[in-house]
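Following the hints, put chains B and C in place on chain A, whose structure we already have.
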Amino acid sequence: MQWETVIGLEIHVQLSTRTKIFSGSSTAFGAEPNTQANAVDLALPGILPVFNEQALAKAVAFGLAIDAEIGKQSFFERKNYFYPDLPKGYQTTQLEAPIVGRGHVDVLLDNGESKRVRIHHAHLEEDAGKSLHEDFHGMSGIDLNRAGTPLIEIVTEPDIRSAAEAVAFAKKLHTIVTAIGICDGEMSQGSMRFDVNVSVRPKGSETLGTRTETKNLNSFKFMEEAIHLEVERQIDILEDGGSIIQETRLYNGDTKTARSMRSKEEANDYRYFPCPDLLPVVIDESYIDAIRDTLPELPDAKVSRFIRDYDLTDYDANVLSASQAMADFFEGVAKSGGDAKLAANWCMGEFSKYLNQNNLEIEANPITPENLGQLIARIKDNTISGKIAKTVFQAMTDGEGTPDQIIEAKGLKQVTDTGAIEAMVDEVIAANLDQFEEMKAGKDKLMGFFVGQVMKISKGQANPGQVNQIIQSKLKG
Amino acid sequence: MLNKTIKQLADGLASGEFSSTELTQDYLAKIKSEDAKYNAFITVTDEHALAAAKTADERRAAGKAEVLTGVPIAIKDIFCTQGVKTSCGSKMLDNFIAPYESTATQKLSDAGMVSLGKTNLDEFAMGSSTESSFYGPTRNPWNLDTVPGGSSGGSAVAVAAGMAPVALGTDTGGSIRQPAAFCGITGLKPTYGRVSRWGMIAYGSSLDQGGPMAQTAEDAALILNTIAGFDPKDSTSMDKPVEDYTAQLNAPLTGLKIGLPKEYFGSGLSDGIRNAVIDAVKQFEKLGATVKEISLPRTELSIPAYYIIAPAEASTNLSRFDGVRYGYRCEDPKDLEDMYTRTRSEGFGTEVKRRIMVGTYALSAGYYDAYYRKAQQLRRMIKQDFVTALADVDVIMGPTTPSTAWNIGAKNQDPVAMYLEDIYTLSVNLAGLPGMSLPCGFHDGLPVGLQVIGNYFSEAKLLNIGHQFQTATDWHTKKPNA
Amino acid sequence: MSLDRSQVETVARLARLKVDESEMADYLSSLSSILDLVDQLQAVDTTDVEPLANPLDASQRLRADVVTEENNREALQANAPLAEKGLFLVPKVIE
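Chains as they are written, first to last, in the numbering used here: chain A, 1 to 477; chain B, 1001 to 1482; chain C, 2001 to 2095.
In isolation and in its complexed conformation, chain A is listed as follows (with noise of 0.2 Å):
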């Protein structure tokens, strides 16, 4: 039988705020143990709430880049349940009216097709802190740093067809986020974290099979994986005649093995209901408006203008606005070295590829987008070809200075001078006599050996369409 899978994600985004969502306590990552956790986020007897403005702002941001509906009126309900990283013994989070109603985002799929995944909303909630299973004479270690950071939770409708559709929607939603400045995208400090919600049905079917949820993936691999082992298991159990229990089951990157949660099998009942804590936050028309005016350029906006104004391929568009940094290096190089092709070319290929090897972010990265730019104008110009600019840009990465001064340094200047250059031809001709009479009768392949030879004995620098010409010349010569 042909199976279908049908995937639905609930991603866990972290707003980069500098406080959490309902206490004045800093969110900063990686502080020692519970120094980030005041009365409030201990749920002390007698403490209250006071909503955190930018967590409204980002997530009212959020919503205007997907296209959504914003909740004029939205309100806080208390989630119930007992856990010992939940310090009030429920979560403050949305249901009945969250802040982000529906919306969508499109996808650019490895095959060129765009796919829309709809929202169907997203909501504020606070973060829980972290329970630390190290040995403390068989217990576990509470760190409640983290508990009450603001998140926003993001519910998509089950529109992803496969693994690699749910990784490139994350991806893209990653791109979103952090160009939006709502989240620092940090997937390894869990600023986004994903819940998969992954059934299968027979090819052609219109109803849903049962699903599963894998819940706090941490990075697009993970979720690939994950994915890829829920619906092998899926299908296993269905064609040997089982049935799927809808059940949350956790994944191990490490051993790539996935189990049930027993803990979270007894069926819960959260008993929802506003946090008369809280009051419902009303928000009008203005205040979306001037969100929406602090809300740079969106990924799908500066994807357009990519094509439109840099006349780039779809793809190299998308790749190009990936992120934020990447793509204003991109626009800092195709400005000051004058060939957007070029530029696209160096900053996916050569400069990726260095940023990869070395670990690199871009804003760490020692190369400005004007030294590239330049070193681009230097092979549009023929100072050099676009081989020894690899040379150059070698260089540049050791800190030897602008492509220019490289050039000038190395004597890497290409050789243009017709009369150098016939001079080198004439020598390749004359130690390979015998091959030049097979190529003037007709065997045109030998023309890269010469071109080859020439640009040998020049290392390099002689201009390749020059050789070519002057080879031309003698032929008919």
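By construction, these hints were calculated from the structure, which means they are not laboratory data. The beta carbon of each residue, even a glycine, is placed where N, CA and C say it ideally should be. Hints may be right or wrong, so weigh each one.
[Unchecked claim] Residues from chain C shown here face chain A by an in silico Cβ test under 10 Å; the list is partial:
1) ARG2005
2) LEU2014
3) LYS2018
4) ASN2071
5) LEU2076
6) LEU2089
7) LYS2092
Frame of chain A; chains B and C shown alone:
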């Protein structure tokens, strides 16, 4: 010194008649010698009090005293007080030393008031008799066999028995007004949002409000002047300027329109109380007020609405007591679930557990709409009844309670019988209105309270009414001889 | 409405409370009579009435995103039943 109002004490301190240290020592001595009878205090903070009194005397000497600087006060043990045990009447918090200060007590201390200690209450303020406290029942000084009312019974008794000149209480369904009525003192529950709830351990968050329990309306005005006001730490506190509540105390009551809800004078009311309240109303007529009958048709329904909303909110407010970060933890938990379950079962008393279960049930899947949501709808209807009535009259008057103080043990085995005693006070909290209880007579030797309910933020008017009544009558000056 | 034993057990379980056999009869009767009392409101027609969550129908104020809290771990953990290396210790958490 000990039978003076805080107005008189403030005057005596200002004139140098006595010092705060002398005053504080006298009160501490009185508590020491008499509280064994009443059990009004959970914690007496001698050292803190004497240090605060010394500071107050120094402040006065430096010419920086405010009106209440150096005046002692007792605090219901529901307000977090930094460095002092804050138990809320529960075993759960028997070992809890609050690491922060409530806004209300901070304001009292900023004004230079001297806290004598923390008073007894029904566990987590859940009760109308101060019998459910982990620290044992408090006794009513008018008759030691009777309850003082609750939940602020310790504060009421501290004032009634002269162990403190004034006290701070909280009122979720009548917890200031009813013990004030039972103990023959003046108690004011302000408009919801007028006094910050920061640091006040929550029972029903949308109902709780702190307020003064005093010998006179004038004293209550002085305390309200100190504790009222917007607090940026409490989202439900109202950002509205605070008036001087003493400014209108002497305004004449000529033309005051009083409404008497017929539902407050029905069959459940004891005749003795009815007579005392009618006499009080006649007194107001003599003072120039006019009286008319009004209707608050959903008065009886305030009981089911309240006994869903308050336990529902409480059931989740009390989830934080889990043995993880502070408070009681059971011995040798065998696993996490065992820790939760035993900590909470051993740490909470019966009435608290009962209300947690009722609230949990009312919020649980399948029952939310029929209970919690329905109760909140009814709440709006109850509020609307008041809004309609108060469009026609200035204030509403009636009895604070249907009966006077009952005997200790008479009702604590029958929660529903106890709940029914709250009939006249609950709807005021549901609507968020200010309400006051004034001593207005006696029935079988026990005090009777007159309840005065005003419009939102009309505390100054209520206190004016109270002060005028107390200028014309002497019920508030009667002291128990227990 | 009267509650049965399993309903009491379910509610107690949700609230992390334990009802001992010796207390069961008392809880059954007192909770049932409380529910009888509150069930009076079922007779009221509340069609089209907006629930009232806050008596003043006020709306939420916002707090500036400014750090106002310093590390106060030592004082806050002084009340902890069990703490070590800055962490609150609890019986092992099994996910």
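Outcome of the hint check:
no.: 1; hint: ARG2005; verdict: 18 Å, violated
no.: 2; hint: LEU2014; verdict: 6 Å, holds
no.: 3; hint: LYS2018; verdict: 14 Å, violated
no.: 4; hint: ASN2071; verdict: 4 Å, holds
no.: 5; hint: LEU2076; verdict: 6 Å, holds
no.: 6; hint: LEU2089; verdict: 5 Å, holds
no.: 7; hint: LYS2092; verdict: 5 Å, holds
In terms of the numbered hints stated before, the structure departs from hints 1 and 3, listed from lowest to highest.
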